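Asks: The primary structure of each chain is shown beneath.
There are 2 protein chains.
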Amino acid sequence: MQVQVIENVLKLNDDVARLNRAALHAAGIFTIDLIGGPGCGKTTLVEKTIAALRDTLNIAVIVGDLATARDAERIAAVCPQVVQINTGRGCHLEAHQVRQGMDRLKLDGLDLLIIENVGNLVCPVGFDLGQDAKVGMFATTEGPDKPAKYPHLVDVADVLLLNKIDLLAHVPFDLPQFYADIKHLKPNAQIIECAAYTNNLTPWLAWLQARITAAKK
Amino acid sequence: MQVQVIENVLKLNDDVARLNRAALHAAGIFTIDLIGGPGCGKTTLVEKTIAALRDTLNIAVIVGDLATARDAERIAAVCPQVVQINTGRGCHLEAHQVRQGMDRLKLDGLDLLIIENVGNLVCPVGFDLGQDAKVGMFATTEGPDKPAKYPHLVDVADVLLLNKIDLLAHVPFDLPQFYADIKHLKPNAQIIECAAYTNNLTPWLAWLQARITAAKK
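Line by line, the protein sequences are chains E and S. Note that our numbering has the first sequence beginning at 1, numbered continuously upward. Note that our numbering has the second sequence beginning at 1001, numbered continuously upward.
In case anyone wonders, no lab produced these hints; they're calculated from the structure. Bear in mind that the values here come from a model prediction, so they are computed numbers and not experimental data. Wrong hints could be hidden among the right ones.
[Claimed, not checked] Computed spacing ranges between beta-carbons, pair by pair:
1) E:Pro203 - S:Asp1108: 51 to 59 Å
2) E:Thr198 - S:Asp1108: 49 to 57 Å
3) S:Tyr1179 - E:Asp55: 36 to 44 Å
4) S:Leu1012 - E:Asp15: 25 to 33 Å
5) E:Ala77 - S:Ala1022: 47 to 55 Å
[As the list claims (entries may be wrong)] Sample of chain S residues lacking proximity to chain E, with all beta carbon distances greater than 12 Å (derived):
6) Arg1018
7) Leu1019
8) Arg1021
9) Ala1022
10) Ala1026
11) Thr1056
12) Ala1077
13) Cys1079
14) Arg1099
15) Asp1103
16) Leu1105
17) Val1125
18) Ala1133
19) Val1171
20) Ile1191
21) Ala1214
[As the list claims (entries may be wrong)] Residues on chain E that point at chain S, a partial pick, calculated with CB under 10 Å:
22) Gly37
23) Asp65
24) Asp71
25) Arg104
26) Leu121
27) Val122
28) Cys123
29) His152
30) Ala169
Ideal Cβ placement from N, Cα and C applies to all residues, glycine included.
Chain E extracted, bound-state conformation (with noise of 0.2 Å):
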């Protein structure tokens, strides 16, 4: 029975993210599912990226945490359109929650929606919200053995990020271990490094502008 409960909602929740896909295409949209564990500089990377974006492209964010609405104030400073999801003791979004994030935010004119989900690299794997790419962020600080401990997030992750690489001299990191560990659970993994704090984005900034372009024509 627990299994077919299960089941149903997995399919529920698939359903809305069909949904929110839908809708946000026919708005000319790219969406992107940001996940990492609490601290991995998840916020700092969104507020970085959209004062490096924002002369060029409307962007929005829905930004999920189980409480506070600490993140969204932060975003707020540099991104007209953000909506804070309190999720209670939910470990992820769920579709149904970033469709009632949307229609809170002006979808019209918009170009990138950037949805943060809670700090986890467990549960917001599996979970459809309609993005076009889900982005799976490590950082040095958390040690070079969570892509071997947390597999599922390098399997459905289209591009995965190495964060807080300026403090690389100051954390225990065998970086090739990291990226032998990828390698080894998706041999074309896409691995972009980068310090958002410090500022360090061209790479991932460079991504984001390709896929945004791609999704355009």
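Got chain E sorted already, so can you dock chain S onto it with the hints?
Replies: Quick look at chain S alone, frame taken from chain E:
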């Protein structure tokens, strides 16, 4: 129907947790459930704690991860009794998994059982495993807002650790805000700063030793 199923799962878990607790107490064992995000330093804390205490205490470890036996392999270097539980897609340990782990340990003569939960600040919080104390772990590298954003862990934890205090100079971390947020949620919270990697663990070891001694009385 879904709520009913979840209630049944939680009730079954709590029943098994009670059996675990009874068996552990009968054997004179003090048990902690260590909960923290991915890469906050749980395994390093376990390694260093055992290295510091193994001359005076008999210690065993049950460690949960979605995949790999890496944590168990690391801990085995300092601890003869380690069981790795692989949860697959499971985002936390459950009491029956701890029970299976206990079946593979020689409980007789043990003083301390450390259960290192899956790296996650949400899902492990609501599950009783049969522990005597839940230890909530944060790290300076995660930023200061994690207690406010994961309030349920603060609520249930018997003690909160702030790890990687040695990296304070290298990361943006507002220490007064971290303390204020916790005190706002839980005025009597006990908070211990530590740095597992550089062996700055004295107050943590004192807390643990005091709890083990009190439990034996």
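Asks: Tell me the numbers of any earlier hints that the structure contravenes, in ascending order.
Replies: 17, 19 and 25
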